[in-house]
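Novice: The whole structure should be built from the sequences, with the hints applied where relevant.
Chains as they are written, first to last, in this note's numbering: chain A, 1 to 407; chain B, 1 to 407; chain C, 1 to 371; chain D, 1 to 371.
FYI, nobody ran anything at the bench for these hints, they're computed from the structure.
Think of the CB as a built atom: it goes at the ideal place given N, C-alpha and C, for glycine as much as any other residue.
Heads up, some of the hints might be wrong.
Stated by the list, open to error - Covered stretches of chain C, going by a simulated chain B footprint (3 or more residues, C-beta under 8 Å):
#, region
1, 1–8
2, 142–156
3, 258–267
4, 271–277
5, 357–370
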Amino acid sequence: MDFNDSPEEAAYREKARAWLAENAAAHRAEHGDPKPTTPEHMAAGKAWQARKAAAGYACITWPAAIGGAGGTPIQSVIFGQEEAKAGVSYGYFTIGLGMCVPTVMAFANDDTKKRFVSPAVKGEEIWCQLFSEPAGGSDVAALRTRAVKDGDDWVINGQKVWTTGAHYCDYGILLVRTDPDVPKHKGLTMFWIDMRDAAVECRPIHQMSGGREFNEVYFTDLRVKDSQRLGEVGQGWQVALVTLMNERLAVGGSAGPDYRQVMELARGLSGANGPALKDQAFREKLADWYVNSQGLKFTRFRTMTALSRGQTPGPESSIGKIISANQLQDLANTAVEAQGEYGILTDPALAPMEAAFQQSLMWAPGLRIAGGTDEILKNIIAERVLGLPGDVRVDKDVAFKDMPTGR
Amino acid sequence: MDFNDSPEEAAYREKARAWLAENAAAHRAEHGDPKPTTPEHMAAGKAWQARKAAAGYACITWPAAIGGAGGTPIQSVIFGQEEAKAGVSYGYFTIGLGMCVPTVMAFANDDTKKRFVSPAVKGEEIWCQLFSEPAGGSDVAALRTRAVKDGDDWVINGQKVWTTGAHYCDYGILLVRTDPDVPKHKGLTMFWIDMRDAAVECRPIHQMSGGREFNEVYFTDLRVKDSQRLGEVGQGWQVALVTLMNERLAVGGSAGPDYRQVMELARGLSGANGPALKDQAFREKLADWYVNSQGLKFTRFRTMTALSRGQTPGPESSIGKIISANQLQDLANTAVEAQGEYGILTDPALAPMEAAFQQSLMWAPGLRIAGGTDEILKNIIAERVLGLPGDVRVDKDVAFKDMPTGR
Amino acid sequence: MDFDYSDDQKFLKDEARKFLAARCPSTVVRGVLDDPARSYDDGLWAAVAEQGWLGAAIPEEYNGLGLGRVELCAIAEELGRAVAPIPFASTVYILAEAVMAHGSDAQKAAVLPRIAAGELIGCLATSEGPGVVTPSSLQARVEGGKLSGVKIPVTDGDAAGMALVLANEGGRPGLFLVDLKASGVKVETLQSLDPTRGVARLTFEGASADRLGEPGQGFELVQAILDRAAVLLAFEQLGGADRCLEMAKEYALGRYAFGRTIAGYQAIKHKLADMYVKNEVARSNAYYGAWALNVDAPELPTAAAAARIAASDAFWFASKESVQVHGGMGFTWDVDCHLYYRRSRQLSLVAGSPKLWKERLVSELEKKNAA
Amino acid sequence: MDFDYSDDQKFLKDEARKFLAARCPSTVVRGVLDDPARSYDDGLWAAVAEQGWLGAAIPEEYNGLGLGRVELCAIAEELGRAVAPIPFASTVYILAEAVMAHGSDAQKAAVLPRIAAGELIGCLATSEGPGVVTPSSLQARVEGGKLSGVKIPVTDGDAAGMALVLANEGGRPGLFLVDLKASGVKVETLQSLDPTRGVARLTFEGASADRLGEPGQGFELVQAILDRAAVLLAFEQLGGADRCLEMAKEYALGRYAFGRTIAGYQAIKHKLADMYVKNEVARSNAYYGAWALNVDAPELPTAAAAARIAASDAFWFASKESVQVHGGMGFTWDVDCHLYYRRSRQLSLVAGSPKLWKERLVSELEKKNAA
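Specialist: Okay, here's the thing in structure tokens:
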């Protein structure tokens with residue numbers, strides 16, 4: 001029961017650190033410290049990915065033959081930790097290399113693999129995942145985007161939603177309905193598409209938090225070749241499951257302020273009965289947040305231990321977002337309320353901690369929904385971890401077109 | 001928006017008070033103050049019921065012809081309030097007069113009504129309700145107690161559970177299965193039975209709280225006449241719904257300690273950081289309990305207002321037990337933990353408040369289950385109050401004998 | 001027992017709902033939300049004035065309607081349901097109520113008719129920074145009838161013509177009426193969590209200040225004013241919470257997943273049941289507050305605290321879980337969920353956090369239990 | 001990264017589970033529960049001693065097995081799962097650990113071999129009444145090596161041969177080893193929420209007392225002892241919480257309502273998922289505590305507090321919601337749910353309530369943040 005690397009892990013970490021020390025500095029010298037969402041930031045990200053690929057630090061667990069390093073999952077985690085410490089993490093490639101390209105590798109023909117894998121590893125091309133739809137939500141397979149065969153082409157019409165990075169991506173994997181006359185999971189097919197096609201339109205979604213980080217993507221008579229198909233016609237759901245299984249092991253901490261920031265805030269505030277930090281109710285909340293945060297941190301350590309031992313991690317890691325998203329909402333709200341009437345202010349120049357609590361308060365509702373709602377995650381724990389029965393399914397044997405729908 | 005009686009209500013209250021002042025004193029002079037569960041207490045209860053019946057204060061809303069007073073629901077509530085204040089409430093007749101005898105009145109033949117109604121109103125005979133079974137629980141209609149026709153008799157075998165007062169009751173209404181070959185709700189029939197029959201055996205249930213207030217009731221070849229049937233064969237579920245609809249309007253407060261007692265307790269205790277009552281976390285809990293208790297109290301006032309206006313009360317009152325049972329568990333636990341290691345003690349001579357908190361801690365789990373679990377009550381609010389759909393039902397059209405069962 | 005709105009009050013409430021459905025659909029709320037230059041909807045304000053709502057509880061001698069406080073509660077409930085983007089609370093629940101309860105005859109004559117006519121918007125200026133303002137932290141001061149200091153934030157401060165300002169005078173805290181249109185006042189609009197309500201920084205440099213009530217009683221007066229406002233705010237919160245439940249229910253019924261409406265899943269059903277339970281607890285406590293406010297009962301401090309605590313809890317829960325029931329749609333700007341989420345925060349922050357009210361409630365209970 | 005039991009430790013844990021499944025089924029627990037004359041199961045105690053568990057962490061020179069604290073945690077987890085009715089915690093987590101950490105060589109030699117051999121049961125006597133004992137409330141006192149005072153309640157006090165007693169000596173609080181079989185000691189068994197563990201009142205009238213550690217350090221020593229015990233108790237709580245989840249799951253899968261297993265209803269599924277989440281948070285915090293205890297890390301106070309808070313929360317939630325999932329059956333004496341419900345209370349009360357530990361945790365975090 002300790003936190004030390006094994007000798008092999010320590011050696012790898014040492015090597016990674018040395019490489020990072022040198023290369024992060026060189027990278028920064030070239031690219032400076034551009035602000036996120038700027039073109040300069042994207043360019044820096046691509047350059048960093050290319051540098052990693054050249055040194056065998058991109059896609060560490062992939063075979064060397066396709067641009068990886070033939071490494072272990074724990075090596076990948078270790079590099080990620082050191083990379084984050086070195087301050088050179090870029091999020092652009094996570095979904096493409098973690099989910100999309102592995103799907104391409106599993107289902108595309110050799111020409112397609114040859115064409116796409118290497119540029120993706122080197123950061124030259126970025127991929128997005130086009131599954132979610134307005135009518136889908138938690139029920140992903142209820143999607144309605146239609147592909148109709150027309151000679152050797154397919155013609156696609158419909159809409160995707162909440163697509164991360166759609167506006168900067170080059171390619172995407174797209175799940176569509178090719179047969180509405182069979183039950184919902186059986187009429188789906190997967191394609192790869194060119195996001196620059198004129199028939200593809202990205203519109204940013206205006207979120208309740210005020211930002212526009214996600215997209216709707218509309219397809220109007222988009223023509224794709226049958227050779228862009230990934231897997232068989234009607235096998236799209238099986239292909240999508242492979243994509244989702246490839247979802248990268250989440251070993252990072254969650255974003256946003258935590259108990260430390262609230263403690264810092266409370267130090268300077270007066271509360272109901274003297275200093276806010278001396279308020280016992282506030283202190284008990286601090287304790288609960290600390291305990292949960294530590295619980296998640298050490299749960300990640302347990303996951304890494306399984307990786308380190310060459311085992312498949314257990315289902316412990318599925319508890320993360322249920323706790324962290326709800327806690328962020330509660331923590332942010334408590335911090336805002338502790339500021340009194342002043343808590344209403346959102347100007348970063350005025351509000352304590354540059355209005356981080358106010359921003360988190362508006363973000364947290366999205367965190368509780370994105371990537372699986374609280375309710376879906378509890379279903380997953382109940383069914384996949386505890387082995388309890390699934391919900392009663394009325395849609396298993398009904399043709400998709402006959403399924404009741406609402407909005 | 002006030003709490004005053006209307007002039008008519010005030011007049012009724014005055015009359016009831018005057019009668020109670022005189023008669024409670026006379027009753028007490030005769031019967032003293034016997035301890036609950038003693039034969040003397042039962043005798044006193046019966047005598048008090050007879051006295052009320054003679055004066056038109058038993059079954060106030062029933063027609064005078066059958067022993068009631070032809071009064072209004074609000075008069076019944078007012079008398080109940082004043083009776084409680086006068087300290088002469090006995091619980092023995094609640095279920096019989098509130099649920100069982102109304103069912104007898106609705107479904108029995110004239111001879112049976114003549115035989116039973118009057119003795120029940122006068123407190124001479126006490127009734128119990130025999131619906132729940134081990135295999136039923138939340139799903140009451142899944143009961144297995146079997147009645148088989150034998151000439152003009154029915155022969156009954158099976159077991160009921162959680163029967164309040166079975167050991168002191170004279171008669172009961174019994175829901176049984178007469179046809180296992182039809183779907184579960186369609187094969188039930190209701191009878192009245194003599195609880196003193198040798199084929200009826202009551203066994204007290206040893207509860208986790210240590211007490212034995214409820215019973216299991218076993219039937220071994222119990223023979224009942226077909227004339228004891230209430231309603232048609234196979235219509236038992238419809239009869240039972242009438243019984244349950246007659247469930248007395250709950251306008252009393254809930255039992256057990258509340259925020260006042262915890263406040264009193266904390267006054268004398270030292271806590272984590274000085275006196276327990278000065279602990280802000282403790283104070284916030286006190287505030288929450290107070291707000292919930294007041295919320296329930298004023299919700300009852302709203303129910304009474306509807307009665308007072310001659311309306312049917314809305315569904316507000318269904319929120320009561322969800323809040324009160326959970327709050328009692330939390331409150332008792334908080335009070336026990338506040339005592340520190342000493343909180344473990346259960347001797348009433350040692351523990352503060354005569355160990356009321358420790359007792360409540362062991363009772364509260366039962367309150368969260370009895371008369372509808374938290375989960376069933378939320379279903380009821382969701383379905384009957386908010387109009388949301390029922391759960392998917394797989395048992396509607398399946399013969400009872402073919403339904404999957406567990407333990 | 002008559003613990004509910006009367007038939008007349010129900011009629012008034014129904015009419016208010018119809019009026020606001022016509023005059024304050026969410027497009028009107030969004031008109032203020034999306035335009036940084038607007039801190040309230042002046043068209044709606046004028047219409048509300050015309051309805052007589054601003055003077056609903058103001059005596060007829062001051063050109064009000066002279067109705068009771070329960071009628072005002074009914075209006076508040078509907079304003080909350082509509083997320084009305086107007087400075088009604090600051091003007092009516094706070095300034096008008098404060099002047100009626102604590103003002104001199106001259107002050108009443110100067111303030112109340114103008115409020116009833118829709119000519120004067122009010123605000124309460126106590127905060128001077130993050131956290132709770134206390135006698136030892138209070139900086140603003142009045143000398144020779146002239147006020148100096150900075151109040152931040154002041155809800156509706158950018159729309160208001162008159163402020164109630166907490167300030168020291170001769171070293172003792174007092175409460176002062178200040179004409180914001182006179183000289184010595186600087187008003188700056190600030191960004192806030194709920195852009196459908198205005199928030200400002202008020203800087204006073206020798207502004208004329210007219211004391212309300214007795215000298216040295218500033219904090220006690222603010223508390224007494226907030227006791228009254230808390231009940232009325234609780235009705236706004238209750239109206240908002242009810243609407244969140246309705247929206248979540250309507251959405252859930254119409255949304256299908258795995259072949260059936262999500263309103264049939266227990267996770268959703270029980271969440272909506274939880275909302276209902278909290279809303280009913282809030283309603284019952286609010287009614288008690290309305291009674292105490294209406295008859296000026298000695299129970300007002302505890303009743304107001306209980307009403308505010310229950311209503312704050314219910315609105316917060318309903319507004320955040322309504323987003324959750326709406327799923328991804330609920331997180332978009334275009335769906336109305338966030339209007340309620342924002343307003344629930346605004347209403348919890350504006351007159352003392354629930355935490356402060358819990359402390360006040362228990363202090364009152366201690367006094368009562370000790371007596 | 002190696003943040004889990006090692007293979008050897010897992011083997012030990014599996015063996016412990018098998019041993020307790022055979023030697024401590026719930027009939028054994030109920031044997032103590034139902035018999036007021038018994039405060040623990042002496043047969044199980046002897047068997048546990050024979051396994052070497054009492055001396056698992058005691059050095060070999062004192063006849064222990066000399067294993068690490070992580071091994072002891074593994075045993076504790078299994079004892080918690082089995083609701084073992086023996087004074088293991090008082091003897092091993094408290095008395096043995098206290099003497100190892102703070103005892104003189106003579107004290108170690110006198111106490112540890114007897115514990116390892118199963119000949120000495122320990123207990124901790126600090127409480128003198130309801131609430132928290134403080135330096136100003138402490139009444140027991142030692143004069144000339146003789147102890148007088150009343151300790152109530154003392155967990156396992158009726159089974160113990162030796163007590164650690166908090167008492168003033170020359171006006172300064174100290175901690176003392178007291179032989180309970182010697183003269184001047186009166187022991188009375190008391191009724192408790194968890195009759196499967198003994199509780200007593202100890203009355204001292206001139207009993208011989210042998211100071212442990214430095215004079216004046218009584219409260220600091222108790223805290224240091226509880227820091228160690230808290231980690232081990234957290235593993236007992238975790239084992240109990242895991243078993244509650246298992247029992248609830250097994251029952252739900254086998255129980256049918258409305259034609260299907262209740263384990264398929266979201267209300268039950270999500271309740272069990274909530275239990276799982278709390279148990280995993282507790283497990284991860286407990287592991288960190290085990291590490292800190294094992295290497296005597298400076299992080300022990302925060303790690304122990306976090307482990308105890310998470311484990312207390314998890315066990316309370318799992319034990320009460322397991323009753324709920326079992327429905328009416330869960331409320332009966334014959335179903336085992338209440339054994340866990342009772343034990344969850346016993347374990348939360350015995351070494352300082354979660355509330356006290358939260359305060360301790362935040363105080364430590366304040367120090368750390370200030371540094």
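Novice: Hint by hint, say whether it matches the structure.
Specialist: For each hint, the structure was consulted:
1. 1–8: Coverage by chain B holds here, the residue count being 6 at a Cβ distance below 8 Å.
2. 142–156: violated (count 0)
3. 258–267: It holds, with 5 qualifying residues against the three required.
4. 271–277: Since 5 is at least three, the answer is holds.
5. 357–370: holds (count 8)
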